[in-house]
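Asks: I would like the entire structure built from these sequences, with the hints used as guidance.
This note's numbering numbers the first residue of the sequence shown as 33 and each following residue consecutively.
Please keep in mind that the hints were generated in silico from the structure rather than gathered at the bench.
Glycine residues also receive a C-beta, built at the ideal position from the N, C-alpha and C atoms.
Some hints could be false.
[Unchecked claim] Here are the in silico distance ranges between beta carbons for each label pair:
no.	residue 1	residue 2	range
1	T423	E369	26 to 34 angstroms
2	T423	S362	32 to 40 angstroms
3	E152	L375	37 to 45 angstroms
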Amino acid sequence: MRFELAPLLLLVSKTKIIAFLFATPIELNLREMNIKNGSFRLFMSFLILTVCFGSQKANAQKLLKVAVVGLSHDHAHEIMNAFREQRIELLGVAENDPKLIARYKRDYKVPDTLFYPDIETMLGKFTPDVVMAYNPIDEHLAVAEICLPMKIPLVVEKPLATTLKDAKRMAQLSRENNTHLLTNFETTWYPSNQKLKTLVDEADFGKITKMIAKDGHEGPKEIGCSQEFLAWLTDPIKNGGGAVMDFGCYGANLMTWLQNGKRPIAVTAVTKSMKPKVYPDVDDDATIILEYENAIGIIEASWNWSYSIKSLEVYGANSSYQAPNGKILSKNTSSSESEEMSLTSDYFKNHIEYIEALLSGDIKVNDDLSSLSNNLIVVEILEAAKKSAETGSRIQL
33 MRFELAPLLL
43 LVSKTKIIAF
53 LFATPIELNL
63 REMNIKNGSF
73 RLFMSFLILT
83 VCFGSQKANA
93 QKLLKVAVVG
103 LSHDHAHEIM
113 NAFREQRIEL
123 LGVAENDPKL
133 IARYKRDYKV
143 PDTLFYPDIE
153 TMLGKFTPDV
163 VMAYNPIDEH
173 LAVAEICLPM
183 KIPLVVEKPL
193 ATTLKDAKRM
203 AQLSRENNTH
213 LLTNFETTWY
223 PSNQKLKTLV
233 DEADFGKITK
243 MIAKDGHEGP
253 KEIGCSQEFL
263 AWLTDPIKNG
273 GGAVMDFGCY
283 GANLMTWLQN
293 GKRPIAVTAV
303 TKSMKPKVYP
313 DVDDDATIIL
323 EYENAIGIIE
333 ASWNWSYSIK
343 SLEVYGANSS
353 YQAPNGKILS
363 KNTSSSESEE
373 MSLTSDYFKN
383 HIEYIEALLS
393 GDIKVNDDLS
403 SLSNNLIVVE
413 ILEAAKKSAE
423 TGSRIQL
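Replies: Shown next, in the form of structure tokens:
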């Protein structure tokens, strides 16, 4: 008898079964296993079902095939850790800086064969499930111009673009080619933020009246960012600004989400250079006020905090929620009463899990934190904030 089940091939006689499972021969001696003729059919059924379900499980755990563009953004360490831990299949890396290549080869044991001098050469060799870009923000458009017409989904690190013009062109490419363009923020994967959104959407919370987002740290140089990262992070063209872009985008992203995709009516901002000798070309502190019809959003972005912070506060008519970090969420109904909330969110832990679910059809993007619709508004807010700070005026959208 012969049974053929991909990836299973069974060669069966009265005394032996040889199973070729994933090209590996497995020989089973029926006499030694003391399986009698009367039990043969039952045994075969069990074996076939076991292998079939095992095959389905293996297919379900198929690794995401990733191509990386650029390594100068220090957030590239996250995807490289995923490679080292075998949570993704890394197909290639487009990078031409020999020092960066040597560092990542050394630290993550990335083979020479996976490095390519540019994105065109790399994507001429294979088609990944997704491209992840870790390059300067003003180069995101160039990557989109290549990936999206090839119908390869693209994930960029926040923010989407340095200018609204670039962001709109990227959106056009995404829509014309019906291909995902996503923006990754660390705070998207905070259980505290996901739980907060669920709670404020409940009817008894009422309408949001005020939102406060504080994001930043002591400064990119102070916390030890790589020289390759600092070279463009502190460049007014390549990054579009300093703290106003680097950390102002977090609050803009979260507030657009909390407002269910609504654009603010107006934006007012003040930017400062608190450490001009350290960051002579860009701001290192920004305060942005977003006006909505019935709410106010306050974004405090800085490279001059005493410590690293990514916090979110949301106020309603009768209560408020405070998320000082990704792991803690509390509810306040007065200045003296605070209740710590249980974080039971089953949301994705990172952008890798999210993309896997998206590409498998398990979820849709809609207007969530990674979405193109949200991040177009984020760039619009940031551009208005910079204009407001430069002119000293309130910018209507």
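Asks: Of the numbered hints stated previously, which ones are contradicted by the structure, given in increasing order?
Replies: 1
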